Amino acid sequence: MKITNVRFIYIFAFFYFIYFSTLTYLKWQAHSPSLDYHAYLQMYWNTANGDILMYNRASETQYSLFSAHFSPFLLMIFPAYLIFIHPLTLYFVFGFVISLSFIPLYFFALDKLKSRLSAVLIVLSFYLYFPFSWTHRHGFAEEAFATPFLLFAFYFLHKNRPWLYALFSFLTLSLRINMVIPVFLMGIYSIIKNKSRKQGIFICSLSMFWLFYTLNVIYPKHTVENNSFYVYGFFGDYGKNLREIITNILSDPSKILQTLTSESRLKYVNGLFGSVLFLSFLSPDILFIGVPILLLNMLASYTRLGSLWTYYHASSLPFIWLALIVTLQRLGTLWERLSQKLTIKLNKTFVINILLVVIFVKNYNIIKHSDNGIHYPFSETFNMRTYERNKRDDTADAILTTIPKTNSIATQHSYLEHTAERKWQFPTSNFSGYYPDIVLFDSWASSAEFKIVPDNKLYSKIWEDSFFFLYSRNDLLKIYNIKDFVYSTYKNYNERFEYLALVNPKESSVFYSSLEPQISIDVNDRYHLVQKLEIQKDNPSALEIPVEKENLYGANDLLHIGKERSGNLKAEILEGTDFKANYRVLFSGIYKFEDLTHKTNLIRINLNDLNIEKSKTYWLMLSLDINRKNARELINSYKTFIGIPDRTVKSIKDETADTNVYYSFDSGKKWSSDAYPDKKLVYAIYYGNLVTEEKGVNLENGSIIISGTPWNLKNQLGNLLNYESDYNSVVIIGPVTEIL
4 MKITNVRFIY IFAFFYFIYF STLTYLKWQA HSPSLDYHAY LQMYWNTANG DILMYNRASE
64 TQYSLFSAHF SPFLLMIFPA YLIFIHPLTL YFVFGFVISL SFIPLYFFAL DKLKSRLSAV
124 LIVLSFYLYF PFSWTHRHGF AEEAFATPFL LFAFYFLHKN RPWLYALFSF LTLSLRINMV
184 IPVFLMGIYS IIKNKSRKQG IFICSLSMFW LFYTLNVIYP KHTVENNSFY VYGFFGDYGK
244 NLREIITNIL SDPSKILQTL TSESRLKYVN GLFGSVLFLS FLSPDILFIG VPILLLNMLA
304 SYTRLGSLWT YYHASSLPFI WLALIVTLQR LGTLWERLSQ KLTIKLNKTF VINILLVVIF
364 VKNYNIIKHS DNGIHYPFSE TFNMRTYERN KRDDTADAIL TTIPKTNSIA TQHSYLEHTA
424 ERKWQFPTSN FSGYYPDIVL FDSWASSAEF KIVPDNKLYS KIWEDSFFFL YSRNDLLKIY
484 NIKDFVYSTY KNYNERFEYL ALVNPKESSV FYSSLEPQIS IDVNDRYHLV QKLEIQKDNP
544 SALEIPVEKE NLYGANDLLH IGKERSGNLK AEILEGTDFK ANYRVLFSGI YKFEDLTHKT
604 NLIRINLNDL NIEKSKTYWL MLSLDINRKN ARELINSYKT FIGIPDRTVK SIKDETADTN
664 VYYSFDSGKK WSSDAYPDKK LVYAIYYGNL VTEEKGVNLE NGSIIISGTP WNLKNQLGNL
724 LNYESDYNSV VIIGPVTEIL
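Residue numbers (our numbering): 4 to 743.
Keep in mind that the hints were calculated from the coordinates and are not lab data. Because the structure is a prediction, the values reported are computed rather than measured. Be aware that one or more of the hints could be misleading.
Pairs of lysine-lysine, PhoX-like flavour, derived with a Cα cap of 25 Å [to be verified]:
1) Lys344 <-> Lys464
2) Lys509 <-> Lys201
3) Lys617 <-> Lys535
4) Lys408 <-> Lys481
5) Lys486 <-> Lys535
6) Lys371 <-> Lys224
7) Lys408 <-> Lys494
8) Lys481 <-> Lys460
9) Lys258 <-> Lys486
10) Lys258 <-> Lys270
11) Lys717 <-> Lys481
12) Lys117 <-> Lys198
13) Lys224 <-> Lys196
14) Lys426 <-> Lys481
15) Lys270 <-> Lys365
16) Lys408 <-> Lys30
17) Lys162 <-> Lys201
18) Lys408 <-> Lys535
19) Lys408 <-> Lys717
20) Lys371 <-> Lys344
21) Lys535 <-> Lys573
22) Lys617 <-> Lys540
23) Lys117 <-> Lys344
24) Lys583 <-> Lys535
25) Lys30 <-> Lys371
26) Lys408 <-> Lys464
27) Lys394 <-> Lys426
28) Lys162 <-> Lys198
29) Lys464 <-> Lys270
30) Lys243 <-> Lys258
31) Lys464 <-> Lys394
32) Lys464 <-> Lys426
33) Lys270 <-> Lys243
34) Lys371 <-> Lys348
35) Lys617 <-> Lys509
Simulated restraints on C-beta separations [unchecked claim]:
36) Ile14 <-> Ser432: 42 to 48 Å
37) Thr306 <-> Leu724: 39 to 45 Å
38) Lys464 <-> Gly242: 24 to 30 Å
39) Asp39 <-> Val588: 47 to 53 Å
40) Glu616 <-> Ser732: 26 to 32 Å
Virtual Cβ for every residue (Gly too), placed ideally from N, Cα, C.
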């Protein structure tokens, strides 16, 4: 075959790899997490350090992956991680292999349909096929590799390349135990079709051996005695072992039929087959290979198996599309026969391409106008916020990349991919029965599980800023005068270990009017909110208020801009006893709407030059910016969450007296604070000197976070002795022990 005929598909596969890698990188650096990638990353880091495929599965116990899934394929690609030890290595290997899916699909279509245009339309439609994108764009999973492997296996079977067919069948088996089903059935297909019959018999035998070996050797070896196998949990409603599950499924056909015809299961079928006009059903001799996995997914107790927004259908997709191609070939042949009897002559390739254009347009419209297209940049539902990085991401990385890998850490799911290269990591949502060395909370994380530290007597808060909270176990931390540590105390620490050191500016403190939002208020058109500020000390350094683009239904949903994305936010600080009459403006700033649409961005106001005194009264006012004569900038909506304030500040309901919160909207209509008694806008005020970046600052509030051996810490902290007016003490956190 001439190179000009094949060049397109290689270019397209390379394009998809770049496309996948770019979106994955942007998503990763914006701390928008995938499903289980952090677990795979932890397994690989542990493997590189001698613990083969071990991870702690959000618990205080180390488990082997083989206790859940027998996936030796992960060891086959481990050398890539060993050569390039980086959190993104697995993603790039994943993207490269997935991108190869288009190649066998293209050549099979070219062989069957005898038209390059038809093959191109197949590839483009498959790119737009959302069940395919969800198998790998939602996160890393070994089962998703089944799509390219099975496509290659079937193509080489079609081309009578028996050993390549056997190789890709073996690779598919090495993914997970359920891959036995399509591989075995493909062996049956090869025997029936008399293609590579010897290899087909071998593959069927290998599949049965693989199933027996996994259930009778691998799982018993890695499962706690008297416990049910992990994989049986997917069908827990039917029984605790394979015999019970099969017996209970087959014993009640009416219940099975009811399950398979439920609304959610029919949507599942429609999502898979509706995009190809259900034409795959016309080639059951191909489709039967992929159907059993779909039936198991639909019957599973674990409902995620029957969701199109995961990867569990990855092994069925090849046969849906291979069956489509064979159906189109057969329809073309049928049309050719019928056209001989018709007066209007249409070439069969033209008819096939008309059907493919319809399929392409149907898939394009699904992607363009529905939530199924969120992974495609041209979709109306594509959420750019997922891929945008902001200052808070910089702050998170400064902390997460500095914590030594010998320390155990708990944090929110948003950050687990950035903490996974260590033996022990925990999601904060699972606090129970374990005590990690370090805990990082982000009250605005996209997965905002806001939890209380397990036992405050065991932990101390060592840093907070931008609504981040960093805690350490008390038994691991020591506080020293910087000079004492540099000149003598560092010698008390083990030079073989790395330690975390944190230095905060002198007298640095923070006050939050509220931490956990309670209620929300939607305001359209004109918007004003006035908040009385509580000043605890003279000369505060900074004030922060949160801005959020859209409702995330979590603790981070504080103030957001609606879909119209028009209009600018104006923030003012007023001094005076009455913000309506007797006041002067200390600060006025305009924040452009395009700057307010990032993920969990902040408005930060520098107060250092405002000479704010504790004895005076100050107000924070938020409103829409009026920047055109006789016209007001309109915005779809702002949403502000109001929280419970400090209970020492009592609400005064007397209408002649000042209250905490004032609202006005709808052309000036007042909102009384009586409607929301004892509520306040969430904001933060910082106190203390915020030193300049020239002094080595790497956190926004002037704090310095570093790690290293005692000698390295001594040298780095020694540079701060020239700034004793700004820094005084250092917190040193010791290494993790094997006992949590």
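Right, here's what the structure says about each hint:
1. Lys344 <-> Lys464: With Cα atoms ~84 Å apart, lysine 344 and lysine 464 exceed 25 Å; violated.
2. Lys509 <-> Lys201: violated (78 Å)
3. Lys617 <-> Lys535: Status holds; Cα separation ~13 Å.
4. Lys408 <-> Lys481: holds (19 Å)
5. Lys486 <-> Lys535: Judged against 25 Å, a Cα distance of about 41 Å means the pair is violated.
6. Lys371 <-> Lys224: violated (48 Å)
7. Lys408 <-> Lys494: Holds, at about 22 Å.
8. Lys481 <-> Lys460: holds (15 Å)
9. Lys258 <-> Lys486: Status violated; Cα separation ~74 Å.
10. Lys258 <-> Lys270: holds (18 Å)
11. Lys717 <-> Lys481: Given pair lysine 717, lysine 481 holds - Cα atoms ~15 Å apart, limit 25 Å.
12. Lys117 <-> Lys198: holds (21 Å)
13. Lys224 <-> Lys196: Violated. Lysine 224 to lysine 196 sits at ~39 Å, over the 25 Å cutoff.
14. Lys426 <-> Lys481: Judged against 25 Å, a Cα distance of about 24 Å means the pair holds.
15. Lys270 <-> Lys365: holds (16 Å)
16. Lys408 <-> Lys30: Roughly 23 Å separates the two Cα atoms, so the pair holds.
17. Lys162 <-> Lys201: holds (15 Å)
18. Lys408 <-> Lys535: violated (44 Å)
19. Lys408 <-> Lys717: holds (20 Å)
20. Lys371 <-> Lys344: violated (41 Å)
21. Lys535 <-> Lys573: holds (16 Å)
22. Lys617 <-> Lys540: Satisfied, since the Cα-Cα distance of roughly 5 Å is no more than 25 Å.
23. Lys117 <-> Lys344: holds (23 Å)
24. Lys583 <-> Lys535: holds (12 Å)
25. Lys30 <-> Lys371: holds (20 Å)
26. Lys408 <-> Lys464: holds (20 Å)
27. Lys394 <-> Lys426: Distance ~29 Å between lysine 394 and lysine 426 Cα, so the pair is violated.
28. Lys162 <-> Lys198: holds (9 Å)
29. Lys464 <-> Lys270: violated (49 Å)
30. Lys243 <-> Lys258: Distance of about 19 Å is within 25 Å: holds.
31. Lys464 <-> Lys394: holds (22 Å)
32. Lys464 <-> Lys426: holds (23 Å)
33. Lys270 <-> Lys243: Measuring from Cα to Cα gives roughly 29 Å; hence the hint is violated.
34. Lys371 <-> Lys348: Roughly 35 Å between the alpha carbons, so the hint for lysine 371 and lysine 348 is violated.
35. Lys617 <-> Lys509: Distance of about 19 Å is within 25 Å: holds.
36. Ile14 <-> Ser432: 42 to 48 Å: holds (44 Å)
37. Thr306 <-> Leu724: 39 to 45 Å: 60 Å Cβ-Cβ, so the 39 to 45 Å window is violated.
38. Lys464 <-> Gly242: 24 to 30 Å: violated (48 Å)
39. Asp39 <-> Val588: 47 to 53 Å: holds (52 Å)
40. Glu616 <-> Ser732: 26 to 32 Å: With Cβ atoms ~28 Å apart, the hint holds.
Checked against the numbered hints above, the structure breaks hints 1, 2, 5, 6, 9, 13, 18, 20, 27, 29, 33, 34, 37 and 38 and satisfies the rest.
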